[in-house]
Structure formats: C-alpha cells, structure tokens
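*Asks:* Each of the two chains sits in its own frame; use the hints to bring them together as a complex.
Order-wise, the sequence lines are chains A and U. Going by my numbering, the letters in the first sequence line up with residues 1 to 212, in that order. Going by my numbering, the letters in the second sequence line up with residues 1 to 42, in that order.
Everything hinted at is true.
Capping the alpha-carbon separation at 27 Å, the derived lysine-lysine pairs in DSSO-like fashion look like this: (1) A:Lys86 / U:Lys19; (2) U:Lys19 / A:Lys150; (3) A:Lys102 / A:Lys86; (4) U:Lys2 / U:Lys19; (5) U:Lys2 / A:Lys181; (6) U:Lys2 / A:Lys86.
Derived list of chain A stretches under chain U, where covered just means 3 residues or more per stretch with a C-beta under 8 Å from a C-beta of chain U: (7) 146 to 155; (8) 166 to 177.
The hints are simulated quantities; they were obtained by calculation from the structure and are not laboratory data. In this text, all values refer to a predicted model and were calculated from it rather than measured experimentally. Cβ coordinates follow ideal geometry from the N, Cα and C atoms, glycine included.
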Amino acid sequence: MRPLVSPAGPIRGRSHPIRFANDASSLFAIRDAKGRVSPAAPIRGRSHPIRFANGTWLAAHGATVSAKLGGSDASTNPRLRLAIDKAAANNMPKDTVDRATKRGAGELEGINYDEVRYEGYGINGAAVIVDCLTDNRVRTVADVRHAFAKHGGNLGTDGSVAFLFRHCGQLVFAPGTDENKLIDAALEAGADDVINQRTLWQRQSSNRSSPR
Amino acid sequence: MKPITEVEFNGEDAARMQKLLDAIEAIDDVQDVYTTAVIESA
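So that you can see chain U by itself, here it is in the shape it has in the complex (with noise of 0.2 Å):
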C-alpha cells in the first residue's frame, strides 16, 4: 500500500508518531502497518 499523500513529521512529533506505529507494529496479531507519516531520521 503506497500512500498518495505523505504527512511529514519533525522533532516531537516525530518521536510521538513512531511510537504510536511501534506499539502497533508490537501487537501479536499485526501482519503489516501502512501509513502516510514520512518520520524524519534525522
């Protein structure tokens, strides 16, 4: 799944964003996570 808008996050938010996506990602039953957020790896 490719997303055709991209939300991009920075700083704070950034850090929010990918725990939100690792808690879900750490769910036992969870195959793939898609999303729209572009996390910058700065």
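Looking at chain A on its own, in the form it has when it is part of the complex (with noise of 0.2 Å):
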C-alpha cells in the first residue's frame, strides 16, 4: 500500500511545501489510533500552527492585532509600529505585513486573533507575565497551565500579580549623544531613569570610524 505521507515529502495540495518528518521525538508528531507513530499516519488532530522560522508567525499577526486596537496608520498607531519593525527584523516580506494590516484594520477577511494576558509564579514565588497572540484561547491556555505545572511553576489567576510591573516606554539614543544634555531633557520630560549602557556603546563606537 502506498503510504499517505511520505517521512520527509512536501504535503500535497498546500501552495508552498512544508518538509516535516513524521518522527516520534517530536512534539507534533502524528500518532494513530493506538498511539504508534509512523510514517503512513493520516494528518489527523494538528492543533498547532506551523511555526514559520523566527517568530514570523507571530510578528504578522501583531501587526494584525495592532491595527485592529488602533487603526491601518503606522505614523498614529505606535503599537503598528512596532509590530512592523519586528516583523522587518525577522525578514518578513512588507507584503506580508500590509496585508495582515489590512486584515486587522478590517480591509480583508481572515482569522480573528485575539491578544490574551496569563499571570502566573514560578519558583520561589517570582511573578510571570505571559502576553499571548491567539485564535483559539482554550489552546492556549492549557499550553502555557502545562509549561507552567511541568516547570514548578503554577498560573495565577487575572491581576494576581500584575501590580508587580509597571508598563513604561524606553527611548534608546545612538551613540556619541551628549550625556548631559540627554539627562536635562530627560528630566524636564518627568523620564524615570537615564541607562547609559557603557559596554554596547563601546562596542557601537568601535564599529564606525569616526564617533559622530
């Protein structure tokens, strides 16, 4: 009989092939009914989305979320924007990223993805915070309660330790920038703290051939 997935073929009728072996240590891999493993088993009760390499996956759908929260226009929506400048740092085509813009801001059909927020202790009491991108919150859920319980660690409930942090912004200046005057317009703008990271700007510094 001819098997229906070969161990490392393209899967047939997708638009770009994805290779995957069907091999027991992984986590995806497909079982049958008995729970074997083989290279004939049938697609079958993949929840997962496949992960495309370095985050894409996720970088494309917080554009989505970002524009669906605020609006299509990177310049008034600092959420989009920093969702485009991920998504540019894990080279993801800008035709991508428009189009999961526009999916959010409510231009083109598709999946809803919602953002979710998970709090929960690890060891010793120290407080987690899990920012999740989902279309299935009942998948995700028990995906990070099980890293959590496995781990020693267990999810509290909403708020439970949320008071804990503080969301705050960060502006960060390149090097050769004038300390001094950084720390007065940092102060006048009511800024927390002024972070000069010595070592990066060494480093940053020794790169170009004349500091600016």
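*Replies:* Have a look at this one:
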C-alpha cells in the first residue's frame, strides 16, 4: 500500500511545500488511534499552527492585532509601528506585513486573533506575565498552564501579579549623544531613569570610523 | 513591563526558573514573557 505521508515529503495540496518528518521524538508527531507513530499515519488532530522560522508567524499577527486596536496608519499607531519593526527584524516581506495590517483594520477577511495575558508564579513565587496572541484561547491557556505545571510554577488569576509590574516606554539614543543634554531633557520630560549601557556604547563606537 | 520588585535567583533555583521561562517562551502563541526574576549569569 502506498503510504499516505512520505517521511520527509512535501504535503500535497498546499500552496507552499512544508517539509516535515513524522518522527516520534517530535512534539508534533502524528500518531494513529493506537498511539503509534508511523510515516503512514494520516494527518489529523494537528492543533498547532506550523511555526515559521524566527517568529514570523507572531510578527504578522502582531501587526493584525495592532491595526485592529489602533488603526492601520503606522504614523499614528505606535503599537503597529513596533509590530512592523519586529516583522522587519524577522525578515518578513513587506507585502505580508501590509496584508496583516489591512486584515486587522478590517479591510480584508481573515481569522480573528485575540491578545490574551496570563499571570502566574514561578519558582520561589517569582511573578511571571505571559502575553499571547491566539486564534484559540482554549488551546493557549492549556499550553501555558501545562508549561507552568511541568516546571514547578502555577498559573494565577488575572490581576494576581500585574501589580508587581509597571508598563513603561523606553527611548534609545545613538552612541555619541551628549549625555548631559540628554539627562537634562529627560528630567524635564519626567523620565524615571537614564541608563548608559557603556559596554554597548563602546562596542558600537568601535565599529564606527569616527564617532559622531 | 518593568518589574517594581525583583527576586534574585542563584544556583539550582536559577536553572529551574530559566527552564520554566524557556518552556513558556517555546509555546507557539506566546509573544512576550515578563518576570520579576533576576537570574545571575554566572
């Protein structure tokens, strides 16, 4: 009999071939009704989206959610700008980002993604906040709860650790910025802290032929 | 998200905490993880 899935062949009927080997050690190994992993097991019950390299999947949907919340104009929506920057850092094509943005703004039809935040405790009661982006909350909460339970933490209720954190922004300046001027401006604008990451500055300035 | 208080970790606890954080970050749907834990990189 011809096997339904070849061990490392492309899946038929997809627009782009995704190669995967159905090996038993994989988290996503496909098992038949008796729990056996075989190259001939039918594709069934795959609940996880296939993850693209370097978090591109998340970057795209980050743009979708940001656009949904604050509009599709990156110049007036800082959340979207951050998502687009992240996508660019992951080498995602501009086309894909634009499409994700439009989808979020409601200009295109697509799956709906939600942002959810889970709060929990780690070892010794250290607080942990987990921000997720999901099309299926039931699956996500199960995954997060399992990760906590397996490694000695536990998932708390909403608001149980959020008070231990403060949402704040961060501005980063190029090496060679006049530190005194910067501190003056920061104090006037009500900044909390100015951190000079000397090692980073030094490394960056050593790459320049002449400091700016 | 900036932690207001911090919890320092050393030795075995640090390794366990790191493992927990790694496990959470490995979940497909997770975008960001914030923690009050400070893990010494010794």
